[in-house]
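A.B. asks: Modelling step: build the complete structure from the supplied sequences, incorporating the hints.
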Amino acid sequence: MATKQTRALARTMMAPAVVVLFIWMIVPLVMTLWFSFQNYNLINPMMTGFAGWANYTYVIGDPSFTQALVNTLILVGGVLLITIVGGTFLALLLDQPIWGQGILRIIVISPFFVMPPVAALIWKNGFMHPGYGMLGHLWKFFGLQPVDWFNQYPLFSVIVIVAWQWLPFATLILLTALQSLSEEQREAAEMDGANAVNRFRYIILPHMARAITIVILIQTIFLLGIFAEIRVTTGGGPGYASTNIAFLVFRTGILSNDIGAGSAGGVVAVIIANVVAIFLMRAVGKNLDA
Amino acid sequence: MTAKTLFAGALLLALTGTASAQTLTIATVNNGDMIRMQGLSDQFTEETGIELNWVVLEENTLRQNVTTDIATNGGQYDIMTIGTYEAPIWAKQGWLKPLDTLSADANYDVDDILPAIRGGLSLDGKLYAAPFYGESSFIMYRTDLMEKAGLTMPDAPTWEFIGEAARAMTDRANDINGICLRGKAGWGENMAFLTAMSNSFGARWFDENWQPQFNTPQWKETLDTYLSLMADAGPAGASSNGFNENLTLFQQGKCGMWIDATVAASFVTNPNDSTVADKVGFAQAPDTGLGKRGNWLWAWSLAIPASSQNAEAAEQFIGWATSKDYLATVAEAEGWANVPPGTRTSLYENPEYQAAAPFAAMTLASIDSADPTAPTVDPVPYTGVQFVAIPEFAGIGTNVGQLFSAALAGQMSADDALAQAQEATTRDMTRAGYIK
Numbered sequence: 001m002a003t004k005q006t007r008a009l010a011r012t013m014m015a016p017a018v019v020v021l022f023i024w025m026i027v028p029l030v031m032t033l034w035f036s037f038q039n040y041n042l043i044n045p046m047m048t049g050f051a052g053w054a055n056y057t058y059v060i061g062d063p064s065f066t067q068a069l070v071n072t073l074i075l076v077g078g079v080l081l082i083t084i085v086g087g088t089f090l091a092l093l094l095d096q097p098i099w100g101q102g103i104l105r106i107i108v109i110s111p112f113f114v115m116p117p118v119a120a121l122i123w124k125n126g127f128m129h130p131g132y133g134m135l136g137h138l139w140k141f142f143g144l145q146p147v148d149w150f151n152q153y154p155l156f157s158v159i160v161i162v163a164w165q166w167l168p169f170a171t172l173i174l175l176t177a178l179q180s181l182s183e184e185q186r187e188a189a190e191m192d193g194a195n196a197v198n199r200f201r202y203i204i205l206p207h208m209a210r211a212i213t214i215v216i217l218i219q220t221i222f223l224l225g226i227f228a229e230i231r232v233t234t235g236g237g238p239g240y241a242s243t244n245i246a247f248l249v250f251r252t253g254i255l256s257n258d259i260g261a262g263s264a265g266g267v268v269a270v271i272i273a274n275v276v277a278i279f280l281m282r283a284v285g286k287n288l289d290a
Numbered sequence: 001m002t003a004k005t006l007f008a009g010a011l012l013l014a015l016t017g018t019a020s021a022q023t024l025t026i027a028t029v030n031n032g033d034m035i036r037m038q039g040l041s042d043q044f045t046e047e048t049g050i051e052l053n054w055v056v057l058e059e060n061t062l063r064q065n066v067t068t069d070i071a072t073n074g075g076q077y078d079i080m081t082i083g084t085y086e087a088p089i090w091a092k093q094g095w096l097k098p099l100d101t102l103s104a105d106a107n108y109d110v111d112d113i114l115p116a117i118r119g120g121l122s123l124d125g126k127l128y129a130a131p132f133y134g135e136s137s138f139i140m141y142r143t144d145l146m147e148k149a150g151l152t153m154p155d156a157p158t159w160e161f162i163g164e165a166a167r168a169m170t171d172r173a174n175d176i177n178g179i180c181l182r183g184k185a186g187w188g189e190n191m192a193f194l195t196a197m198s199n200s201f202g203a204r205w206f207d208e209n210w211q212p213q214f215n216t217p218q219w220k221e222t223l224d225t226y227l228s229l230m231a232d233a234g235p236a237g238a239s240s241n242g243f244n245e246n247l248t249l250f251q252q253g254k255c256g257m258w259i260d261a262t263v264a265a266s267f268v269t270n271p272n273d274s275t276v277a278d279k280v281g282f283a284q285a286p287d288t289g290l291g292k293r294g295n296w297l298w299a300w301s302l303a304i305p306a307s308s309q310n311a312e313a314a315e316q317f318i319g320w321a322t323s324k325d326y327l328a329t330v331a332e333a334e335g336w337a338n339v340p341p342g343t344r345t346s347l348y349e350n351p352e353y354q355a356a357a358p359f360a361a362m363t364l365a366s367i368d369s370a371d372p373t374a375p376t377v378d379p380v381p382y383t384g385v386q387f388v389a390i391p392e393f394a395g396i397g398t399n400v401g402q403l404f405s406a407a408l409a410g411q412m413s414a415d416d417a418l419a420q421a422q423e424a425t426t427r428d429m430t431r432a433g434y435i436k
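Going line by line, the protein sequences match chains A and B.
Residues 1 to 290 in the numbering used here are what the first sequence spells out, letter by letter.
Residues 1 to 436 in the numbering used here are what the second sequence spells out, letter by letter.
These are calculated hints, taken from the structure and not from any lab test.
These numbers were taken from a predicted model, which means no experiment stands behind them.
There could be a bad hint or two in this list.
To be verified - With beta-carbon atoms standing in for the labels, derived distance ranges:
#: 1; chain 1: B; residue 1: Q309; chain 2: A; residue 2: N274; range: 25 to 33 angstroms
#: 2; chain 1: B; residue 1: T48; chain 2: A; residue 2: M134; range: 49 to 57 angstroms
#: 3; chain 1: B; residue 1: E58; chain 2: A; residue 2: P63; range: 24 to 32 angstroms
#: 4; chain 1: B; residue 1: Q211; chain 2: A; residue 2: G61; range: 42 to 50 angstroms
#: 5; chain 1: A; residue 1: W24; chain 2: B; residue 2: W54; range: 30 to 38 angstroms
#: 6; chain 1: A; residue 1: R201; chain 2: B; residue 2: A419; range: 49 to 57 angstroms
#: 7; chain 1: B; residue 1: E58; chain 2: A; residue 2: A189; range: 53 to 61 angstroms
#: 8; chain 1: A; residue 1: L135; chain 2: B; residue 2: N53; range: 38 to 46 angstroms
#: 9; chain 1: B; residue 1: D232; chain 2: A; residue 2: G49; range: 50 to 58 angstroms
#: 10; chain 1: B; residue 1: D416; chain 2: A; residue 2: L181; range: 48 to 56 angstroms
As the list claims (entries may be wrong) - Some residues of chain B that are not near chain A, with every Cβ distance over 10 angstroms (derived):
#: 11; residue: G32
#: 12; residue: Q38
#: 13; residue: G49
#: 14; residue: P98
#: 15; residue: L102
#: 16; residue: L123
#: 17; residue: G125
#: 18; residue: G281
#: 19; residue: Q316
#: 20; residue: G335
#: 21; residue: P381
#: 22; residue: R431
Glycine residues also receive a C-beta, built at the ideal position from the N, C-alpha and C atoms.
C.D. replies: In structure tokens:
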């Protein structure tokens with residue numbers, strides 16, 4: 001049992017780590033806020049001084065800002081749709097008693113271990129490139145013109161890659177939920193004459209609702225900031241077709257060396273992320289109370 | 001003597017040992033010529049005792065890395081590999097040390113450096129970066145396909161001829177594209193090509209009052225010519241092709257013509273890498289008869305950031321890596337065709353080089369014909385052939401590059417791309433204070 005002394009000791013020993021973590025989080029945030037109100041261009045030392053709201057009006061007035069915002073939402077929505085529908089389907093399959101189940105499960109979750117830039121590179125050159133990619137060869141085999149995925153369907157291509165990466169996560173969480181469903185309940189429904197569709201709709205799906213909520217919440221937070229996959233494959237283009245808010249911030253801050261405007265974009269992104277998070281907590285987070 | 005004093009003595013010795021051996025940290029790009037230099041640099045260390053610590057990066061990463069380092073006075077590097085875009089801008093900011101000792105060294109012979117290249121790396125007559133290799137751009141073409149099409153490539157063709165030849169050479173059934181051109185977005189990718197091309201159509205980025213010019217008929221003609229050429233005779237997925245992608249396509253025999261950097265000549269004529277090595281001809285970049293050709297000028301160069309604590313040793317290394325002796329060293333090890341090209345007059349006068357490199361004369365003619373101080377038909381307030389030498393250009397150029405890449409991918413029309421380019425550039429130039 002913890003005595004007063006051990007508790008005090010624990011606190012003292014943990015304090016440095018807590019302080020470091022806090023500074024780690026707060027310092028970049030405060031600096032971003034500070035820079036967002038400064039004229040600061042990396043390679044133009046003439047730009048200095050207080051900028052007022054100029055950086056914000058510049059970023060929000062960017063012709064590609066609205067598109068980036070829409071792209072961000074499509075990206076998040078698209079990936080969520082694929083991973084939840086696909087994840088549920090895979091979880092149902094993996095829940096069946098089949099031979100080699102353990103190995104199969106490991107194979108299914110393995111994409112999660114691949115780093116995003118690596119995954120994106122493999123998809124870009126190995127699969128989707130019209131000249132070298134496997135899909136290109138497949139199309140040619142059937143006498144068709146290879147599809148230039150990243151130029152014809154840039155946002156869709158990015159969604160596919162990101163969904164491939166997040167599908168294992170969704171599957172894993174949903175499978176765990178599925179396994180916690182009591183066998184008796186299923187059998188009872190079966191004996192009452194409920195068919196597979198009805199069993200899924202009235203028993204399995206409601207049971208998985210909480211897990212789905214968790215998947216939506218966690219994935220949304222990560223998906224709002226998708227960057228590596230875009231950087232490696234489309235570079236935000238063609239045009240602004242696959243530019244999301246995170247990539248727009250990168251383009252403004254790093255590619256254009258405009259740290260002031262980039263920081264303003266970063267602050268805007270944080271605000272948007274929070275708005276989305278609050279909205280989600282209200283809309284789907286209710287499931288968590290039960 | 002106790003063990004303690006022995007240990008202290010050894011430690012002291014070790015410390016003074018490391019302090020006396022000077023180490024230079026060099027940031028460079030992962031291009032073939034630089035990798036070779038890295039391999040040969042042991043010689044420099046043997047001669048001088050100066051150790052070298054290499055940071056080798058891919059082009060875009062290198063740019064971001066060194067720009068951030070020098071702008072924030074990070075002081076990570078003693079030598080940076082930079083281009084003709086950065087050199088004059090950074091020199092003006094006082095971020096680079098002038099190479100005065102080297103310029104005064106008769107043995108180094110600064111006057112031997114090609115005037116166009118030297119001019120691009122100087123500010124107010126002072127050299128701020130030494131060229132490691134220099135390049136212009138020209139046409140590389142398949143002599144066999146040209147013959148099959150019943151055409152003869154002139155030394156200095158027009159865009160009209162290039163269009164005709166490209167369409168005649170195209171044989172989609174056999175995977176042969178008449179022409180391969182850059183389409184990947186980026187100021188150093190598609191915009192390097194398109195800006196140089198636009199010069200030959202009489203277009204320019206800005207007029208003398210820094211007003212963007214994308215709403216002019218000259219830009220419209222440039223973009224229309226480029227798009228229709230690529231639609232009729234370009235490879236699939238061209239909007240993701242940069243230098244390296246096109247190089248691979250050409251080496252695999254999938255391009256009838258390719259207009260790009262002159263340094264590519266040694267790669268496409270090297271039988272180890274290229275399936276068409278013995279069938280490549282060279283010609284100057286096309287024009288439209290307005291007095292400017294569509295070729296650029298670039299030099300990957302070595303410079304010393306003002307923050308370097310080892311400036312003297314750094315200048316010594318730059319002297320070694322960009323000297324005539326270094327060229328001779330590479331020639332001895334790898335043959336004359338593989339020496340870094342485009343920097344020294346003496347190289348182009350060397351009969352051994354002329355014999356080994358069939359592209360030498362055309363390279364020199366292309367470099368000499370590019371003038372960064374008067375790149376366009378009409379006067380402009382900026383220098384730079386395939387870029388505009390202002391700090392904001394990296395961002396603006398990449399932005400416009402995205403729009404033109406989208407037009408190539410068929411995501412938007414040429415008119416929309418030009419209108420949006422005009423709007424975005426006007427916005428950025430107003431923000432930067434060029435337009436009141």
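A.B. asks: May I ask you to test the hint 42 to 50 angstroms on the CB atoms belonging to Q211 of chain B and G61 of chain A?
C.D. replies: The hinted range 42 to 50 angstroms is violated for Q211 of chain B and G61 of chain A, with Cβ atoms some 20 angstroms apart.
A.B. asks: Taking the shortest Cβ-to-Cβ distance between G125 of chain B and chain A, state whether it exceeds 10 angstroms.
C.D. replies: About 23 angstroms separates G125 of chain B from the closest Cβ of chain A, which puts it past 10 angstroms; holds.
A.B. asks: Measuring Cβ to Cβ, find out whether G32 of chain B lies farther than 10 angstroms from everything in chain A.
C.D. replies: Non-interface label on G32 of chain B holds, nearest chain A Cβ at 21 angstroms vs cutoff 10 angstroms.
A.B. asks: Within 53 to 61 angstroms: is that where the Cβ-Cβ distance between E58 of chain B and A189 of chain A falls?
C.D. replies: About 58 angstroms separates the Cβ atoms of E58 of chain B and A189 of chain A, which means 53 to 61 angstroms holds.
A.B. asks: For the hint 25 to 33 angstroms, verify it against the beta carbon of Q309 of chain B and that of N274 of chain A.
C.D. replies: Because 45 angstroms falls outside the window, the suggested range is violated.
A.B. asks: Between E58 of chain B and P63 of chain A, does the C-beta distance stay in 24 to 32 angstroms?
C.D. replies: Because 30 angstroms falls inside the window, the suggested range holds.
A.B. asks: Over 10 angstroms from every CB of chain A: does G281 of chain B meet that, or does the non-interface label fail?
C.D. replies: 25 angstroms, holds
A.B. asks: Using Cβ atoms and 10 angstroms as the threshold, tell me whether L123 of chain B really stays out of contact range of chain A.
C.D. replies: 15 angstroms, holds
A.B. asks: Q38 of chain B clear of chain A by more than 10 angstroms, beta carbon to beta carbon?
C.D. replies: 25 angstroms, holds
A.B. asks: That 38 to 46 angstroms hint for L135 of chain A and N53 of chain B (C-beta), does it hold up?
C.D. replies: Once the Cβ atoms are compared, 43 angstroms apart, the range 38 to 46 angstroms for N53 of chain B and L135 of chain A holds.
A.B. asks: Would the least Cβ to Cβ distance between G335 of chain B and chain A come out above 10 angstroms?
C.D. replies: Consistent with the label, G335 of chain B stays out of reach of chain A, its closest Cβ about 31 angstroms off (over 10 angstroms).
A.B. asks: Verify this label for me: L102 of chain B is non-interface relative to chain A, using a Cβ-Cβ cutoff of 10 angstroms.
C.D. replies: 25 angstroms, holds
Comparing the model with each earlier hint shows violations of hints 1, 4 and 22; every other hint is respected.
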